[in-house]
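Asks: Quick mapping for you: the protein sequence lines, in order, are chains A and B. No gaps in the numbering here: position 235 of the first sequence is 235 in my numbering, and each next residue is one more. No gaps in the numbering here: position 25 of the second sequence is 25 in my numbering, and each next residue is one more.
Rather than coming from a laboratory, the hints here were simulated on the basis of the structure. Treat the numbers as computed from the prediction; the structure is a model and nothing was measured. Yeah, the Cβ is synthetic: ideal placement off N, Cα and C, and Gly gets one too. Honestly, I wouldn't trust all of these hints.
Incomplete in silico selection of chain B near chain A, CB under 8 angstroms [stated by the list, open to error]:
1) 58
2) 123
3) 124
4) 126
5) 127
6) 128
7) 196
8) 197
9) 231
10) 232
11) 233
12) 234
13) 251
14) 253
15) 279
16) 300
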Amino acid sequence: MLGDALVHALGLEKEMARVERLPRDNLNEFGFDPFGYSPDYVRAVAPYVLLFYKYYFRTQVFGVEKVPKGRVILVANHSGQIPVDGMILATAMMVEPEEPRMVRSMVEKWVPTLPFVSYFMMRTGQVVGTPDNCVRLLERDECISVFPEGVRGISKTFSERYKLAEFGHGFLRLALQTKAPIVPVAIIGGEEQAPSFHNARTLARVIGAPSFPITPIPFPLPVRYRLYFGEPIAFRGEPDEEDERVDRKVKTVRSTLQALIHRGLRERRHVFW
Amino acid sequence: MPFDPDGAVIVTGICGRLGRNLARKLHREYEVVGLDRRPFPGCPKDIKHYQIDIRRKKVQDVFAKEPVRAVIHMAIMHDPRMDAEEHHSFNVMGTRAILDYCLKYHIPKVVVLSSANVYGPRADNTQFITEDTPLMAAERFGDIRDLILVDMYANTFFWKHPGVETVVLRPVHIVGHVHNAPSNYLRLPRIPVVMGYDPMVQLIHEDDVVEALIRSLRPGVRGVYNVVGPEAVPLRRLLREIGRPVVPLPGPLFEAWLRAAFRLRLTSFPPPELDHIRYVCMVDGSRFERDLGFKPARGLREIIALFRGNPGGGA
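Extracted from the complex, chain B is given alone in its bound form (with noise of 0.2 angstroms):
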């Protein structure tokens, strides 16, 4: 069954944390149906939950029968460890299934979750990143590029049919009970920084990324978002406040030592990552502030009593 205004908002990649953040909070106004590869324990019992792969054949399936009224992609994976191949058609091949079915079946509406991390780090950056600015994150690490095709891909959606409202969310690290590269990091017992390197970062918290996702849906909502929390701290700034120790380590020989440590799978953070903690990746979220009147709830001291104390989480 095709579009319906009163049907319900797949959700892929439901089974994530933040999947489940939003499941959660998005089931008690709307219907939701999930996709995922993975099961969902727990599931709340009015959410139906497909368990599949999305670039099966299957989940055509699932839009020909429930009735949808807009898709909330998430399904994008950043795992490292992942043999690149199957990394790069989970998230290209799975974004473009899914954004064929919704032109297919008439759906109004698709929010696709990025990641400001497509900018990269660098250090000519300039300090508020905007939406026009070419994705440059491949550059010095290359494992990006198909968070970067997805983007793209999503874009070059957006511009091909202006009968779909496409919502591209770029937020900034995502920082929560989630498992990605910033809140494992935050979590590690003894932080390790770049000595002489203290660059701004922003964060945002994953209640407020459900949030934004959550406004996405909003009819007329259309483009490229970047989204960020609150304002920009220095990197050591908000280590202190943690307060865990934080071990400083001269440039090239942690460099070295990542990519040893990455080798022998001691560590799940890529060496070319390390250029998040040396030079500025920072955006301009006003034209998501403005457009949809978001501001985070969420501030810095939320974000910090989420990592103070309590280490374990690992990396």
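Chain A with its partners taken away, still in its complex shape (with noise of 0.2 angstroms):
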């Protein structure tokens, strides 16, 4: 198998050994889990997403232990035109902790429309990002992610790098539904894997696609990928506060997220090493 030859030739064997322990309950008799989650889909192809990982990006991952065990919110900052982000925080939870999570993304409504992509997420663990969805998820204690940026954050042109777009306020009345802890996550790299200078707003509508950022590079560049986990935030509160009172609580994730953005790019001494 080329899966196995790639992981002898790269020594991938102790990412592999956590990729292996992933958790397996919830799963019907041939090995998925309602949403369509499949860990041995996962470990199929673990070893070529751990090469981008490991060697592609050499990604370096700090605090990963804050992560607090049972249900919680990763909340991360979204970049980069191709969300290579999202797979890169999902592989760091799978091969970071001692104990390996399956990161659920809450992926846009409309990612189910693309053929191939629609697979790949749905088996990847990653889901419609509908809050009944989310909820479901985290009465079961499982890890999620969301981008509050949506695709605002992964449009950004070069001169808005790191600047955080509006946050949706969703992704707070469901921690405040289901008393999830969040974990702000700062992902340094992606704003320069490629650089966009234009955002195409009317040819995106002409082809139906939510944004069009034209960038001269066709595939991400090698940049170093570095993870910064804060520490975790419980909120206190009803799910179905006053917008203002949950606006407030949007808005300290957000400057937490900023700040810890912030000090990403102070310690970071190169883009690419």
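Join these two chains into a complex; the hints should help.
Replies: Written as structure tokens, this is what we have:
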């Protein structure tokens, strides 16, 4: 098998041992969870993903031990035209902590319309970001990740890099409803992987895409990815409280994440190594 | 004669495969009266069958004459080949007539067999659709409008007439010897799929649907219920277990081919139904499980065994 050969050639045994230990509860007799996630599929694609994670992007992870056990929402900044950041984050949670965890990312509602992508997303544990899906997963004590900037985040131009766009409120109400702690995660590197100079909104509308960033780079550059996990934040309150109160909490998360991003940028000596 | 606690159960649409299965099981426990415009060959001796269209006035005589304790309304057709007007009239007017008689003759229980298809397969569907979700199926597939109307009509009836225990069942794809789209699809000699898509699907064995209908007769049970069978499975994995050749076709090509084939009457699958093998339409059946203690008796293996090997049955 090519995958096995990769594992031996690149010395990915330690990482693969973690992938093998992904939780396997809630699977049906064919090895799928009700959302279509398959640990076996993840194991099959892991060597290729790890090749990028470890050798192409040479990812460094700081503070992953801060992610508490049980239900948790990872809130990260979004970047990079091609959403590699979600994959990097999920891989980090799989191979870095003592107890590997499967990150269930909340993806945009149009993702299931994309052939092959929809399939890959589903098998690797990603789910359509409806509030109900989110609550069901959190109530099963899963680890979910959200990019509250949404499409606004990935389509930033180079001049707006590492400036957080507006956050949605949904994730915070869900955190209140399920009493799940929030862990901010700063993802550094994505903004330089494919600098974009213009977001062709009209063109995007014509082809029905949410954004159409113009970038001279056809494939992500081998930037170094750095992930900074912040301290968990537990909010108290009612999921249906007024917008202003939720807004204040969202701002807390946003400013914490922005500070974490600044720290990451300060500590970084170079974009590529 | 109106309500009689020891009276019969009227089953409309008794002559379909599912109706006959239900009748065979039901008549061991209850007296059964059949209502269908089709004949009932091999009708068990103790079942009284009236061969009338449910929209006819004469149906009232059946209600007036027979002592009745409950009605199971399953004379709801989904035949894309049928003239749209006739389809609509049969489903909507038929349902209205049956529910009206239930009211008029003080029948305390009516069970309407709808379908989880009323929610419709959509890319942005949440994974587990609950009973209070809007019925969106007609957005992309107009022909299903009357099935949604029937469901909503029964819903309105449920709210308006608290004296009648109305049960609306929305089972997931019913599979078995029945001749509906999902079963026909799984019986195809070569099974086409949409390239690059593999949604999770929920199936329920016809025997479990019969069981769900019978359970709904229990006094005190009322409401709208999703009914699910065994756990969901990816479509391709299901097809691999069934073991017949699978033909992946690119979406636009598949759609064009299906549109042409449907027009030429080479297939009975209407083009918009392609979404059923592209997007997810899964429901949460926990309410029915909680309120009625329903657990499907037939697992995925038994469902797969139904379709393994012998092709045919056709489109």
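Asks: Now tell me if each hint is right for this structure.
Replies: Status of each hint after checking the structure:
1. Proximity of residue 58/B to chain A is violated relative to the hint, the smallest CB-CB distance being about 47 angstroms (cut-off 8 angstroms).
2. At a threshold of 8 angstroms, the smallest CB-CB gap from residue 123/B to chain A is about 4 angstroms, leaving the interface hint in force.
3. Satisfaction of the interface hint for residue 124/B is found here, the shortest Cβ-Cβ separation to chain A being roughly 4 angstroms, below the 8 angstroms cut-off.
4. With a least beta-carbon distance of about 4 angstroms to chain A, the hint placing residue 126/B at the interface is held under the 8 angstroms criterion.
5. At its closest, the beta carbon of residue 127/B sits 5 angstroms from a beta carbon of chain A; the interface hint therefore holds under the 8 angstroms criterion.
6. For the restraint placing residue 128/B at the interface with chain A, the shortest Cβ-Cβ distance is roughly 7 angstroms, inside the 8 angstroms limit, so the hint holds.
7. Residue-level restraint check for residue 196/B holds (minimum Cβ-Cβ distance to chain A is 3 angstroms; threshold 8 angstroms).
8. The beta carbon of residue 197/B is positioned within 8 angstroms of a beta carbon in chain A (closest approach about 6 angstroms), and the interface hint is therefore held.
9. For the restraint placing residue 231/B at the interface with chain A, the shortest Cβ-Cβ distance is roughly 4 angstroms, inside the 8 angstroms limit, so the hint holds.
10. With a least beta-carbon distance of about 5 angstroms to chain A, the hint placing residue 232/B at the interface is held under the 8 angstroms criterion.
11. The criterion of a C-beta within 8 angstroms of any C-beta in chain A is met by residue 233/B, whose closest approach is roughly 6 angstroms, and the hint holds.
12. Annotation: interface hint on residue 234/B holds; nearest CB of chain A at approximately 6 angstroms, less than 8 angstroms.
13. With a cut of 8 angstroms, the hint placing residue 251/B at the interface with chain A holds, because the nearest CB-to-CB distance is about 6 angstroms.
14. Because the closest C-beta pair between residue 253/B and chain A is about 12 angstroms apart, greater than 8 angstroms, the hint is violated.
15. Given hint, residue 279/B at the interface with chain A, holds; its Cβ is 6 angstroms from that chain's nearest Cβ, closer than 8 angstroms.
16. For residue 300/B, the interface hint holds, the least distance from its beta-carbon to any beta-carbon of chain A being 7 angstroms, beneath 8 angstroms.
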